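> Sequence:
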Amino acid sequence: MSSTLLEGTRASHEEVERLERLIVKDLQNEPSSNKDRLFQSHRVRNMIDQITTTTHKLVEIYEDRDNARKDEIAALGGQTATGTNVFSAFYDRLKEIREYHRRHPAARVVDATDEYEQLLKEEPQIEFSGEELELAKSMAQKTHASCMFFSGLPTECDVQEAFGRYLDMHELFNDYINSKFGEPIEYTSYLDIFSQPHKIPPKLRSTRQYREYLEKLLEYLIYFFQRTEPLQDLDRIFSKVITEFEEQWANGSVPGWENKGEENGHVPLQHTVIDLDYYSSVEELMEVGPEKLKEVRAEFVADSSV
288 MSSTLLEGTR
298 ASHEEVERLE
308 RLIVKDLQNE
318 PSSNKDRLFQ
328 SHRVRNMIDQ
338 ITTTTHKLVE
348 IYEDRDNARK
358 DEIAALGGQT
368 ATGTNVFSAF
378 YDRLKEIREY
388 HRRHPAARVV
398 DATDEYEQLL
408 KEEPQIEFSG
418 EELELAKSMA
428 QKTHASCMFF
438 SGLPTECDVQ
448 EAFGRYLDMH
458 ELFNDYINSK
468 FGEPIEYTSY
478 LDIFSQPHKI
488 PPKLRSTRQY
498 REYLEKLLEY
508 LIYFFQRTEP
518 LQDLDRIFSK
528 VITEFEEQWA
538 NGSVPGWENK
548 GEENGHVPLQ
558 HTVIDLDYYS
568 SVEELMEVGP
578 EKLKEVRAEF
588 VADSSV
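Going by my numbering, the residue at position 253 of the sequence shown is 540; the numbering climbs one at a time, nothing skipped.
Calculated from the structure, these hints are not laboratory results. Hints may be right or wrong, so weigh each one.
Straight line, CA to CA, 35 Å or less: simulated DSBU-like cross-link-like pairs of lysine-lysine [stated by the list, open to error]:
| # | residue 1 | residue 2 |
| --- | --- | --- |
| 1 | K490 | K527 |
| 2 | K382 | K467 |
| 3 | K527 | K486 |
| 4 | K503 | K490 |
| 5 | K486 | K467 |
| 6 | K322 | K344 |
| 7 | K312 | K486 |
| 8 | K344 | K467 |
| 9 | K467 | K503 |
| 10 | K357 | K344 |
| 11 | K322 | K581 |
| 12 | K490 | K382 |
| 13 | K490 | K467 |
| 14 | K486 | K503 |
| 15 | K527 | K503 |
| 16 | K344 | K312 |
| 17 | K382 | K344 |
| 18 | K312 | K322 |
| 19 | K503 | K322 |
| 20 | K486 | K581 |
| 21 | K467 | K527 |
| 22 | K382 | K357 |
| 23 | K382 | K503 |
DEER-style ranges, computed between Cβ atoms [to be verified]:
| # | residue 1 | residue 2 | range |
| --- | --- | --- | --- |
| 24 | V311 | E359 | 28 to 36 Å |
| 25 | I529 | G364 | 49 to 57 Å |
| 26 | D520 | R380 | 42 to 50 Å |
These numbers were taken from a predicted model, which means no experiment stands behind them. Note that the Cβ used here is the ideal one computed from N, Cα and C, for glycine as well.
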């Protein structure tokens with residue numbers, strides 16, 4: 288029964304402690320298969336989320352912005368506006384308890400231990416909640432990617448992925464072989480080269496089609512990682528990756544872009560390319576930006592005067 292704020296506070300602390308013990312107990316069991324490992328990770332992730340939510344509620348209670356906790360503690364001490372009346376406070380509390388049981392005559396004591404133990408037997412559905420999807424979108428945006436691909440993603444681990452054992456790259460493979468920057472190769476060969484974008488010629492890497500393909504690839508990999516490694520800290524991982532990339536770019540050592548990080552990180556003029564085939568309107572072309580268009584125009588003028 289948590290009919291009072293203080294009782295609710297006590298119950299919330301108990302819930303956090305039970306979940307912490309349950310996480311430890313779950314992690315002490317070694318999964319026998321990849322599927323079991325995935326279920327375990329998501330169970331633990333769900334319990335961590337529950338702890339986080341309950342802890343936020345406890346913080347709000349202790350902040351006591353409406354003085355509800357302070358008033359309840361004062362009432363337990365028999366303090367009233369006119370002074371202290373211990374017996375009045377006692378009988379008021381007794382009346383509240385009797386009223387609770389009158390309204391809930393079928394209330395019974397439930398063994399919370401059994402209820403929490405059931406969490407260890409769950410096979411969680413592996414999917415994106417709204418919060419996880421927003422996190423995935425945020426991660427993509429931090430690496431300068433759009434989130435257009437998420438609307439077409441399945442909500443569970445795809446059959447092709449075999450509970451996180453394999454990447455399902457078929458849609459991206461079709462995009463690659465049907466693009467101007469790709470080539471007609473087998474799916475197995477694509478799996479060997481998709482992580483080597485530096486092998487794409489610089490001119491083709493500057494096209495809109497390639498940029499959209501790369502964004503789509505990045506978003507899928509983030510999506511896959513979040514479902515298969517729910518206990519990993521993506522913020523920390525991306526922070527490290529971005530820092531390392533910026534250092535390599537400044538040193539001109541990024542594969543495929545060697546010595547391109549000079550002049551404040553700008554690509555030299557001879558690599559300024561805009562593929563007009565991928566722009567269906569003037570408005571889309573203007574999204575490139577006036578400075579970029581000026582650079583392209585200057586390059587064309589220089590080439591024509593040679």
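> Indicate, hint by hint, whether the structure satisfies it.
The hints, checked one at a time:
1. Simply put, K490 and K527 have alpha-carbon atoms about 29 Å apart, close enough for the 35 Å limit, and the pair holds.
2. Distance hint between K382 and K467 is unfulfilled; the C-alpha atoms sit about 79 Å from each other, more than 35 Å.
3. At most 35 Å may separate the alpha-carbon atoms for a hinted pair to count; K527 and K486 meet this at roughly 24 Å.
4. The suggested pairing of K503 with K490 holds, with an alpha-carbon distance near 20 Å, which does not exceed 35 Å.
5. Between the alpha carbons of K486 and K467 the distance comes to roughly 14 Å, so the proposed pair stays at or under 35 Å and holds.
6. Taking the CA atoms of K322 and K344, the gap is near 33 Å; set against the 35 Å cutoff, the hint holds.
7. At roughly 48 Å between alpha-carbon atoms, K312 and K486 are farther apart than 35 Å, so this suggested pair is violated.
8. Between K344 and K467, the direct Cα distance comes to roughly 54 Å. Violation of the 35 Å bound is thereby established for this hinted pair.
9. Straight-line distance between C-alpha atoms of K467 and K503 comes to about 16 Å, which keeps the hinted pair within the 35 Å bound.
10. For the given pair, K357 sits about 16 Å from K344 by alpha-carbon distance, which is consistent with the 35 Å threshold.
11. With a CA separation close to 54 Å, the supplied pair K322 and K581 exceeds the 35 Å bound.
12. Between K490 and K382 the alpha-carbon distance is near 81 Å, which puts this suggested pair outside the 35 Å criterion.
13. The straight-line distance between the Cα atoms of K490 and K467 is roughly 11 Å, inside the 35 Å bound, and the hint therefore holds.
14. Restraint check: the Cα-Cα separation between K486 and K503 comes to about 18 Å, which is no more than 35 Å; the hinted pair holds.
15. The hinted pair formed by K527 and K503 meets the criterion: a straight-line CA distance of about 22 Å does not exceed 35 Å.
16. Our distance criterion of 35 Å between C-alpha atoms is met by K344 and K312, whose separation comes to about 25 Å.
17. Simply put, K382 and K344 have alpha-carbon atoms about 28 Å apart, close enough for the 35 Å limit, and the pair holds.
18. For the given pair, K312 sits about 19 Å from K322 by alpha-carbon distance, which is consistent with the 35 Å threshold.
19. Simply put, K503 and K322 have alpha-carbon atoms about 27 Å apart, close enough for the 35 Å limit, and the pair holds.
20. Straight-line distance between C-alpha atoms of K486 and K581 comes to about 28 Å, which keeps the hinted pair within the 35 Å bound.
21. Taken as a hint, the K467 and K527 pair is honoured in the structure, with Cα atoms around 33 Å apart against an allowance of 35 Å.
22. The straight-line distance between the Cα atoms of K382 and K357 is roughly 21 Å, inside the 35 Å bound, and the hint therefore holds.
23. Note on K382 and K503: the hinted pairing is violated, with a Cα-Cα distance of about 63 Å set against a maximum of 35 Å.
24. Taken as a hint, the range 28 to 36 Å holds for the pair V311 and E359, whose Cβ atoms sit roughly 33 Å apart.
25. Against the hinted window of 49 to 57 Å, the Cβ-Cβ separation of I529 and G364 comes to about 55 Å, which satisfies the hint.
26. Under the hint 42 to 50 Å, the C-beta atoms of D520 and R380, about 46 Å apart, fit the expected range.
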